[in-house]
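Enquirer: So the sequence lines, in the order shown, correspond to chains V and L. As numbered in our numbering, the first sequence has no gaps in its residue numbers, which increase by one up to the final residue, 143. As numbered in our numbering, the second sequence has no gaps in its residue numbers, which increase by one up to the final residue, 143.
Note that these hints are calculated values from the structure, not bench results. If you're wondering where the values come from, they're calculated on a predicted model, not measured in any experiment. For glycine and all other residues, C-beta sits at the position ideal for the given N, C-alpha and C. Check before you lean on any hint, since a few could be wrong.
Listing some non-contacts, in silico: residues in chain L with all C-beta distances to chain V over 10 Å [claimed, not checked]: (1) D60; (2) P61; (3) M99; (4) R101; (5) H105.
Covered stretches of chain L (chain V as the covering partner; in silico rule of three or more C-beta atoms under 8 Å from a C-beta of chain V) [what the hints assert, rightly or not]: (6) 46-58; (7) 83-97.
2 protein chains.
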Amino acid sequence: MNDTATRTLVERYLQGWNETDALRRRALVEEVYAEHAVYTDPMVQACGWETIDATIAAVQSMFPGHVFRLGGPVDAHHDMVRFQWHLFAPGADEPLVIGFDVAQLDDGRIRQVLGFLDKVPQVA
Amino acid sequence: MNDTATRTLVERYLQGWNETDALRRRALVEEVYAEHAVYTDPMVQACGWETIDATIAAVQSMFPGHVFRLGGPVDAHHDMVRFQWHLFAPGADEPLVIGFDVAQLDDGRIRQVLGFLDKVPQVA
Numbered sequence: 020m021n022d023t024a025t026r027t028l029v030e031r032y033l034q035g036w037n038e039t040d041a042l043r044r045r046a047l048v049e050e051v052y053a054e055h056a057v058y059t060d061p062m063v064q065a066c067g068w069e070t071i072d073a074t075i076a077a078v079q080s081m082f083p084g085h086v087f088r089l090g091g092p093v094d095a096h097h098d099m100v101r102f103q104w105h106l107f108a109p110g111a112d113e114p115l116v117i118g119f120d121v122a123q124l125d126d127g128r129i130r131q132v133l134g135f136l137d138k139v140p141q142v143a
Numbered sequence: 020m021n022d023t024a025t026r027t028l029v030e031r032y033l034q035g036w037n038e039t040d041a042l043r044r045r046a047l048v049e050e051v052y053a054e055h056a057v058y059t060d061p062m063v064q065a066c067g068w069e070t071i072d073a074t075i076a077a078v079q080s081m082f083p084g085h086v087f088r089l090g091g092p093v094d095a096h097h098d099m100v101r102f103q104w105h106l107f108a109p110g111a112d113e114p115l116v117i118g119f120d121v122a123q124l125d126d127g128r129i130r131q132v133l134g135f136l137d138k139v140p141q142v143a
């Protein structure tokens, strides 16, 4: 994949995390991830379209109205890519959560996500 | 793996990059990586002990006397870990190269390294 295609894939990936319409979200999940993709972050490990879609839906219900945005450059080589993402509360200028994902690609889709957290909300 | 064991594994991994005695380096490679581990960074993809060992030897001959050191905290969850490393020229205080690796672990050894570069030397 060239850099433009990789960046588009990352943007579609984040769009999936923002899409709350169930049918459109599932379509994005199937477009962006390979069928048996594995998504892992510190909280969850999800395998395959059904579970990944359910994981995204669960995160959306925990953070209603929040928006994921790309947090910096997209760095790719071979079949892998890394990027930071920011999660914004409605109307906020500062991200509530900052995460960092490395993804392995396979034939233009994501085969695996290795997700980490750079900033998490402080519990009062 | 607990955090201490993961940190020890990362330190042994960097020790492998620093070990120039061929027999000791190969022993470290076999200790640290699973037999069919895949190592990928922007320059190279190496599969298995033999090729990984040869890759490390090639890097050592490109950077004689240089030392790899852990560059920050070791962040681990599930079967994955991320960390930054610094490569120092002999006697240097500032790293010549800064890299960032995500590794997937399997039964206490590294199954896969997804390596990226954060700082590369400027070519004059």
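Enquirer: If a hint holds in the structure, say so; if it doesn't, say that too.
Expert: Hints versus structure:
Taking the minimum C-beta to C-beta distance to chain V, about 8 Å, the non-interface status of D60(L) is violated against the 10 Å cut. The claim that P61(L) is not at the interface with chain V is violated, since a C-beta of that chain comes within 10 Å of its own (minimum 4 Å). Look at M99(L): its CB is around 5 Å from the nearest CB on chain V, not clear of 10 Å, so calling it non-interface is violated. In this structure R101(L) is not separated from chain V by more than 10 Å, as the shortest Cβ-Cβ distance comes to only about 6 Å.
For H105(L), the shortest C-beta to C-beta distance to chain V comes to about 18 Å, beyond the 10 Å cut-off, and the non-interface label holds. Chain V is given as covering the stretch 46-58 of chain L, and this is violated because 0 residues of the stretch bring a CB closer than 8 Å to a CB of that chain, at least three being needed. For a cut-off of 8 Å, the count of residues in the stretch 83-97 of chain L with a CB near a CB of chain V stands at 3, and the three-residue condition holds.
When each numbered hint is compared with the structure, violations occur for hints 1, 2, 3, 4, 6.
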